[in-house]
Every structure is written in C-alpha cells, then in structure tokens.
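Trainee: If you want the building blocks of each chain, they are given just below.
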Amino acid sequence: MSVRLLTAIAGAAITLAASPIFAQTSVPGAQADAYWDKDAQAAARAALYKEHGGGTTYYVLADRLEYQSNEGDPLLLFDGQAWWGNDRNKLTLKPEIEYDFTADRFDEAEVQALWSRPIARYFDVQAGVRHDFVAGADRTFGVLGVQGLAPYWFDIDAALFVSGDGDISARFEAEYELLLTQRLILQPRTELNFAAQSVSEVRVGSGLSTAEIGARLRYEIKRQFAPYVGVSWTRSVGETADFLRADGEDPGAVSFVAGVRLWF
Amino acid sequence: MNLVESVSRRGVLKAGMAGGAALGALSLIPAWARSAASGNKGIFELAGSEFDLAIGHTPVNIGGRTGHAVTTNGTLPGPLLRFREGERITLRVKNLLEEDTSIHWHGLLVPFQMDGVPGVSFPGVKPGETFVYEYSVPQSGTYWYHSHSGLQEQSGHYGPIIIDPAGKDPIQFDREYVLVLSDWSFLHPHEVFSRLKKSNDVYNFQQRTALDFLTDAKAKGLRLTIDDRLSWGCMRMSPTDIADVTGAVYTYLINGHATADNWTAIFNAGERVRLRIINASAMTIFNFRIPGLPMTVVAADGLHVQPVETDEFQIGVAETYDVIVTPSKLRAYALVAESIDRSGQVVATFAPEPDMRATAPLLRERPLLTHKDMAMAMDDPCMKGMAHGGMDHGSMAGMDHGGMAGMDHGGGEKQAHDHKMGAGVDMVAMVPASRLDEPGLGLENVPHRALRYSQLKSLEPNPDTREPSREVEVHLTGNMERFMWSFDGVKMSDAKGPLVTLAEGERVRFVMVNDTMMTHPIHLHGQFFEVVNGESDFKPRKHTINVKPGEKCALDFTANAGDWAFHCHLLFHMHAGMMQVVSVMPGDGEPARDHLGRLKDQPASKPSSAEEKPSQAKRKSAQKPTSELHADHGRHSGHGSKPAPPNPAEPAAPKADPMKGMDHGSMDHGSMDHGDRR
Numbered sequence: 001m002s003v004r005l006l007t008a009i010a011g012a013a014i015t016l017a018a019s020p021i022f023a024q025t026s027v028p029g030a031q032a033d034a035y036w037d038k039d040a041q042a043a044a045r046a047a048l049y050k051e052h053g054g055g056t057t058y059y060v061l062a063d064r065l066e067y068q069s070n071e072g073d074p075l076l077l078f079d080g081q082a083w084w085g086n087d088r089n090k091l092t093l094k095p096e097i098e099y100d101f102t103a104d105r106f107d108e109a110e111v112q113a114l115w116s117r118p119i120a121r122y123f124d125v126q127a128g129v130r131h132d133f134v135a136g137a138d139r140t141f142g143v144l145g146v147q148g149l150a151p152y153w154f155d156i157d158a159a160l161f162v163s164g165d166g167d168i169s170a171r172f173e174a175e176y177e178l179l180l181t182q183r184l185i186l187q188p189r190t191e192l193n194f195a196a197q198s199v200s201e202v203r204v205g206s207g208l209s210t211a212e213i214g215a216r217l218r219y220e221i222k223r224q225f226a227p228y229v230g231v232s233w234t235r236s237v238g239e240t241a242d243f244l245r246a247d248g249e250d251p252g253a254v255s256f257v258a259g260v261r262l263w264f
Numbered sequence: 001m002n003l004v005e006s007v008s009r010r011g012v013l014k015a016g017m018a019g020g021a022a023l024g025a026l027s028l029i030p031a032w033a034r035s036a037a038s039g040n041k042g043i044f045e046l047a048g049s050e051f052d053l054a055i056g057h058t059p060v061n062i063g064g065r066t067g068h069a070v071t072t073n074g075t076l077p078g079p080l081l082r083f084r085e086g087e088r089i090t091l092r093v094k095n096l097l098e099e100d101t102s103i104h105w106h107g108l109l110v111p112f113q114m115d116g117v118p119g120v121s122f123p124g125v126k127p128g129e130t131f132v133y134e135y136s137v138p139q140s141g142t143y144w145y146h147s148h149s150g151l152q153e154q155s156g157h158y159g160p161i162i163i164d165p166a167g168k169d170p171i172q173f174d175r176e177y178v179l180v181l182s183d184w185s186f187l188h189p190h191e192v193f194s195r196l197k198k199s200n201d202v203y204n205f206q207q208r209t210a211l212d213f214l215t216d217a218k219a220k221g222l223r224l225t226i227d228d229r230l231s232w233g234c235m236r237m238s239p240t241d242i243a244d245v246t247g248a249v250y251t252y253l254i255n256g257h258a259t260a261d262n263w264t265a266i267f268n269a270g271e272r273v274r275l276r277i278i279n280a281s282a283m284t285i286f287n288f289r290i291p292g293l294p295m296t297v298v299a300a301d302g303l304h305v306q307p308v309e310t311d312e313f314q315i316g317v318a319e320t321y322d323v324i325v326t327p328s329k330l331r332a333y334a335l336v337a338e339s340i341d342r343s344g345q346v347v348a349t350f351a352p353e354p355d356m357r358a359t360a361p362l363l364r365e366r367p368l369l370t371h372k373d374m375a376m377a378m379d380d381p382c383m384k385g386m387a388h389g390g391m392d393h394g395s396m397a398g399m400d401h402g403g404m405a406g407m408d409h410g411g412g413e414k415q416a417h418d419h420k421m422g423a424g425v426d427m428v429a430m431v432p433a434s435r436l437d438e439p440g441l442g443l444e445n446v447p448h449r450a451l452r453y454s455q456l457k458s459l460e461p462n463p464d465t466r467e468p469s470r471e472v473e474v475h476l477t478g479n480m481e482r483f484m485w486s487f488d489g490v491k492m493s494d495a496k497g498p499l500v501t502l503a504e505g506e507r508v509r510f511v512m513v514n515d516t517m518m519t520h521p522i523h524l525h526g527q528f529f530e531v532v533n534g535e536s537d538f539k540p541r542k543h544t545i546n547v548k549p550g551e552k553c554a555l556d557f558t559a560n561a562g563d564w565a566f567h568c569h570l571l572f573h574m575h576a577g578m579m580q581v582v583s584v585m586p587g588d589g590e591p592a593r594d595h596l597g598r599l600k601d602q603p604a605s606k607p608s609s610a611e612e613k614p615s616q617a618k619r620k621s622a623q624k625p626t627s628e629l630h631a632d633h634g635r636h637s638g639h640g641s642k643p644a645p646p647n648p649a650e651p652a653a654p655k656a657d658p659m660k661g662m663d664h665g666s667m668d669h670g671s672m673d674h675g676d677r678r
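Residue numbers (my numbering), protein chains in the order written: chain Z, 1 to 264; chain W, 1 to 678.
Looking at chain Z on its own, in the form it has when it is part of the complex (with noise of 0.2 angstroms):
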C-alpha cells in the first residue's frame, strides 16, 4: 500500500471521527465533544464549572485602627480581619495588636489563624490556632468558634479558646450598625472575656474577666474607607480586676478613640 493511499485513508477516518454521525453516541452536556476538539472541549468545560460559582476571593479589613486616649496612657490599637478563599473554605486571619505608647511595649499581640466554613446560612465555623505575642508570655491556643450574623444584623463573632496548658477562656464580640444616613453610620460595639480559671501569670481571673463597650460614628467617604470619632469604656471585673488594683493599675477606663474603618 502507497503512503499516500494510507494518508488518504487515516484522513477519511479524522473526518468521519469528527463529523456529527458520532454526536448519537455523545453523552448529555458533552454533546459538542462531536463537532470539536475533545481535549479543548473538555478544558473549556472544566473552566465553565469552576469559574461560574467557584472562584476565590480574598478580603483585608482594618475594623479598628485607632487611636485611644485610655485616660492620660494612650494606647493604639489594630484590630482585623482577612480571609481568601472560596464560598466553602477560606483561610482567615485575625490580627489584634494594642500598643501601649507611653510605656512603649505591645500590651497586646495576638493572631489567630482560622479554617472558615459555612455551617448555616449566616454562620461561618472557625477552628484553628491562636499565638499571642507578649514578650514574656507567649501563648498558643487551640480556637473553635463561630462568625456570622444574628438576626435584628448583629455582626456575632464568638470563640472558645484552649491554652497550651489546658486553660480555657472564651471571647464574645458583637456590633451593630446604625445608618445614620447613608454614609455616616453609628456603629455600637461590645466584647466580653471569659476564662474557666485564674491564670495569674497572665492577671486573668475565672468568670467574666473583661467587659468592652463603645461607640464609635463613622464617615463612609468610600465604602471602603471610613474615619471614624468614637468612645470606649472598658472594664476588668471580678478577679482580674484584683490582679490589676494589685499590681497598682486602674480596672477600668474610658478612652476616646479617632481612627480609621478600612477594607480592600
């Protein structure tokens, strides 16, 4: 047989392969495999899926960066949130730094560092790791808690907290948004900490150890960039607030607070 009888040959059978006679054996939503290439088509569908529904996403929220008067001991204070990923899973990062001007050390350094997913329409579940940061008393904690919104639009974020020795505490943080008019938005905050026992190292005593409560109005000159004038009371109570009148300190305090609402 000549090359060329057998080129003429392999060329039929391309063009018979490839033309809609065969589109009967097709399977449902891959019928167009008939007419084109079966690898690009293939690819092409693979994208179509993903792309439509599973795309990822990344958020980077600065909910508080301020400035706190904290009576006559100004503190400033970094409180975030950034998460990537899909509508599944997403990785999510949650920063608090408090830095204590005045005596020039972080007061506060903590990360946690969370696996993100929905449970319920408005509740995502968070279980991961949290490190604080203090000189001194570094800390790792297991986390497990819960994100999302409360009907009556209470932005809920609470979490249960479990040391390396075995210590348990838990924090409760809720806000609220009021629109004042579309751009300037009173937002009331509370956060309250728990601990199961006393962990003097870290002055935390069992119960209900700290009490937060504030306000803050701010001005959405864009959605994602807000200046914001406020005032924050805070409150150790209980035990933990032995350990600070111990240790000569006020157990509470009521800050003004200017800063900054941003996300990107």
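Treat the hints as calculated values from the structure; they're not laboratory data. Since the model is a prediction, treat every value here as computed from it, not as a measurement. Ideal Cβ positions, reconstructed from N, Cα and C, are used throughout, including at glycine. Just so you know, not all the hints are guaranteed correct.
[What the hints assert, rightly or not] Sample of chain Z residues at the chain W side, in silico, Cβ under 7 angstroms: (1) K50; (2) T102; (3) Y122.
Since the structure of chain Z is already known, use the hints to place chain W on it.
Mentor: For chain W alone, kept in the frame of chain Z given last:
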C-alpha cells in the same frame, strides 16, 4: 469629512468600519450608534452575509472620561449586524485579547455548536485565533450578541443584531433606531464583582436610615414602623436590596452615550418610528419610557406581538422590545432608561432637530420590596409584624391564613422545596404566586400605563400547542449576604452535569420558582419558550424573562437538540453560580420536531384538535416545507460539513386576524425600505 456614509445594503460591514476608523474620536462609536449631530439620521445599512469581527482592547470616552473597554471592531457598542432571515451567515471572529473570548448570538436559533458558549457549545476562541461561525436562522427581528467569556460583557463586548424578515415585515414604519441600553463601570468588572463578595451592599446608597425610621413612624405610627423593621431584621433582609450594582458605580448608556453625551435621534412630525430597544447591560434591569409619547409594543425578544400601547416598560437584561412611536409634536422627547432601583438613569434625546436636548426627568423615588416579594407564609416567625400591616398593606390587618387564597398575590398553596438548602439558600418562597400581571418592581403605582407580560400576545399563532409532557421545576436560589446565586441551591461549580436532560422535540414546561427577593432575567439558550400567561394559542415567545421576587411562572417549549446554557442574565449572578446546562439529546422515538415545534418529517403537521380554528389553518399555511426547515435549522451542518443552501425568500403567509388594530393597510415592501435611513 462625509460622516454620512452610504453603504449599500449588500456591502460588507468592513466598508463601514473602515470609514469609521478615519473619524478619530468618533470611531469609538459605530455609525449606527452615533448621535444625530454626528450624522446619524437613522440606521446605517451595514448588512451582508459575511462579517469580520475583531475583539480587542480599546480606550473609550464615556461622559467625558476615558475608560478601558473590550470592544468589537474597536467600538462600544459593537457594530450592528444586519442580515436576512434564512440567509447563510459567515462571521469570522478574531481574538486580539490576551485571554479567550467568544460571541454568543443572543436569541438566535443557531445550531448549538455555533451558540458561542465556551465549555458548552465550543471550546472558545483562543488569543490570536480566528473562529468562523456559520449558520442561518429561521427568524427575524431585534437581537444582540455578546461575549460569554469571563466578564467581558461588562467591559463593552456587545452589539445589536437586526434580522430582516424573508418576506414582508408586518411592522410598518418610516424610520428606525436601535437603542442599546447598557451599564458602564470605570472599575474593572472583576473588582466590581469582588467587592460584592466582600460586602454585598457596597453599592447600595439607598438603604433605610434612622431618618427614614422617624419619617415612617410619623406617617404610619411607631408601632407599625417598629414591627416592620423587626420583620426585616429578623430575616436579615433589606427591602432596599433591589439592584446589586447601582448608579454609585455605573454610568448608564444608550448606544454608548452617557446622559452628558446627549445621544440624539431625529424624526419628522407624524412619522412612524420603530425603536428597537435592547438591554445589553451586565447587571441593570431598566425602566424605559418616553414621557409624553405613548409606545406601541410590536415585538418582544425579536418576535412579533400583537400591538399593545403603553407608556413604560421594565426591560430585563437581555430582553428586547420593538416599539412604534408616532411623535406628532415638534418638540424634544426624552428617551429615559432608569435603573430598577432608581439609583441612576440615562437620558437621550428624540427630537426634530439634531441640536436639541430633551429635559431629563428627575429620578423617581426608589421602590421598596414588600412582603409580597418574600412570598413567605404568614405564620413565619419573622412575619408577625407584617401580618399587622407593617408594610404599606394596611388592609391585611385581621386577615387569617385562609384569606390568603383570595388575595391576588397569595398563592395560598404552600410551595414544596425539594432542592438543596444550606448556606447558599438564605430563604425560600413558601407561597409563591404568579406575577405575570404585574409590571415589575416599582411600576405598580406609576400614574400611567406600564407593560405587563400578561398583555403580550404573539402575533403569529404558537407553532406547537401540545400540552407539555414533562414538567421541570427550577428554583432560583441565593444568599444575598454571601453573594451566592444558584439554581435549586446548586451553584454551577458544584453541579456534576446538566440540570436536566431532555429529548429532542419533547414538549417541556419549566416551572420557575423565585425563592429570592430579586428580579432575575432568566435566559434559556437555543429555544423560544412560551410564557404561559393564559390559555390562548398566542402566548408570547421569549428567550429571556424577568422572574419577579417570590414569583412562580411556567415556560413551555419544544426541546431543540443540543447542549444549551441556562442562566440568570445578571452577569455577576451567573458568575456566582446561577447557571446550568440543559441538555437536549437528539431524537429517540418521538417524531422529530425542530425548535419551532414543527414536525420535521412531514411537510405540515396536522393540528391535534379536530375543530380547526382559523388561527390553526393559518399556522399550517405559515409552515415551511421540510427541506427548508433543515436548511434553517442546520443542526447537522457542523463545521466543515457542507453548508446548507440559503433559504429562499418566501412570501409571508396571510395574517389577517391577529393583525387587527395594526395600521398596515398600506404596507408594502417599498415602504419599509426606509429611504430616509441614512
């Protein structure tokens, strides 16, 4: 420079484009979309059967600001493609982008492998490649084309299509214009979308504020106002959540012109002017009106409807309406397209002279969603406040549940929800109801006529009047807070295959249940479905329908073979997952029918009913011989196979009855050749 080019009807599009390119800044607007001041006295005849289209990046000037667009042949919108029903069309699409592209011919009954959806109909057009589309279509009317790749549609990759009828056009007019409505963002579409994922109300600057609370409390009483706020808060829903992307980020366009650009169309007093209105937006449902000038709707989604006069209509993304207007006064009229949430509008001028400017009406007050849009059962815990008339439905006070059935919006029947729930479904419609007899959100109480789907009646009798043999219930689902959207609670990225597999020629009913509080323009590729708005054989046939919040409606169609995309035409809803494939497998036993429902194997189908209504007799006479159907249909004329012969022009069937009330007595072909179009 001669802006008014004369391009012969058979001239290829290239000629027009070459002329446009010499116009500098004006080249960014194709000839057909130019303002009257720039020489547009109607539509340029850029017609032919062969088209060369290049998809590339172009800087564009919108309202005096420069933006970056993805364009077809360098213009936004793309060139008007005009050809004749049944003609064999060749379109060579060259991709000058660094990413894949595609063109979907919206509403055109092309063979599915020519439908232009990457991953469904073909692999897409790679950078640097040229893809050749070839098809003929058995239809005429106003349509459009757009990218089905990524978010290119938002960036300007869209343009109009006019298919002239093979025979006489039953619509008589002296002059015609295409109005392509769209939404433009100077932000990159991916950024627009990504912000919604991070904060779903980021573009909503019409939320209810503390001040609104005080105003409402004063007007309706404190108790009712508190109940109302508690109900919405309980559900974590906002009654102002009407458009996801608003005038805060969009510049709305008519033919690529912002209000500031004052696009102008001219007329002579007493002329019948046909406006072909296409909503080519990515995310914007528009209310369209011409204050002071009634419009007679003569076509919807390309196909003729019995003339119905109205003053305003809501046009979903991807819908098209043809209207006839007869301006009798020598004054400037405003062509107004207003976003459904009233956050913005675009105004163009329709005037006797090119240098006139219409007075733009003030934006109307934004509408609010009501309990009707939730379609929730009255015994839902969150509905307690509503039951006492917390919304503006005071008459509901004292009603018991049984009474719901008698209310025009109460379906009464509790809806079953046999679909996936979970984080992607924030609510379900417990008592969805038909809303075809409503004009759409915000148009219920306008002080003039507003079009309702229930008013639309096909001009031609429906080609296939068999009862559906299969019913498929599809729920429109989503979670606004997470900006997740889906069908039946399943995003496309989580789907394992087609939504449903049908058999060619099968009569199918899609029952749409909107479980969300948003209006979704739902588009099924490759089919015209009858909107079941009554018992008649003249149901309107559409390719896209606005499904209102809490609505349940039925769409009947005769399955056309192929794999077809089925999606919400709000681009970011689709991108978030509100898309599926509907697969129609080639014939198996049932007599094969084409996508118009006509039997393929016989020259003419016998009506099933023994008593022939006059309309049915006409339907038969309107049918085409089988050989031509195959030519039209071209399902088996794949790429590389022998092209089917063009469909010869044929005289239109007599259509006396349905044409009543239509002023076409003096109609002849000459009168529609639009001598004044240049």
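Trainee: Against this structure, judge whether each hint is valid.
Mentor: So, going through the hints one by one against the coordinates:
no., hint, result
1, K50, "holds (6 angstroms)"
2, T102, "violated (36 angstroms)"
3, Y122, "holds (6 angstroms)"
In terms of the numbered hints stated before, the structure departs from hint 2 and from no other.
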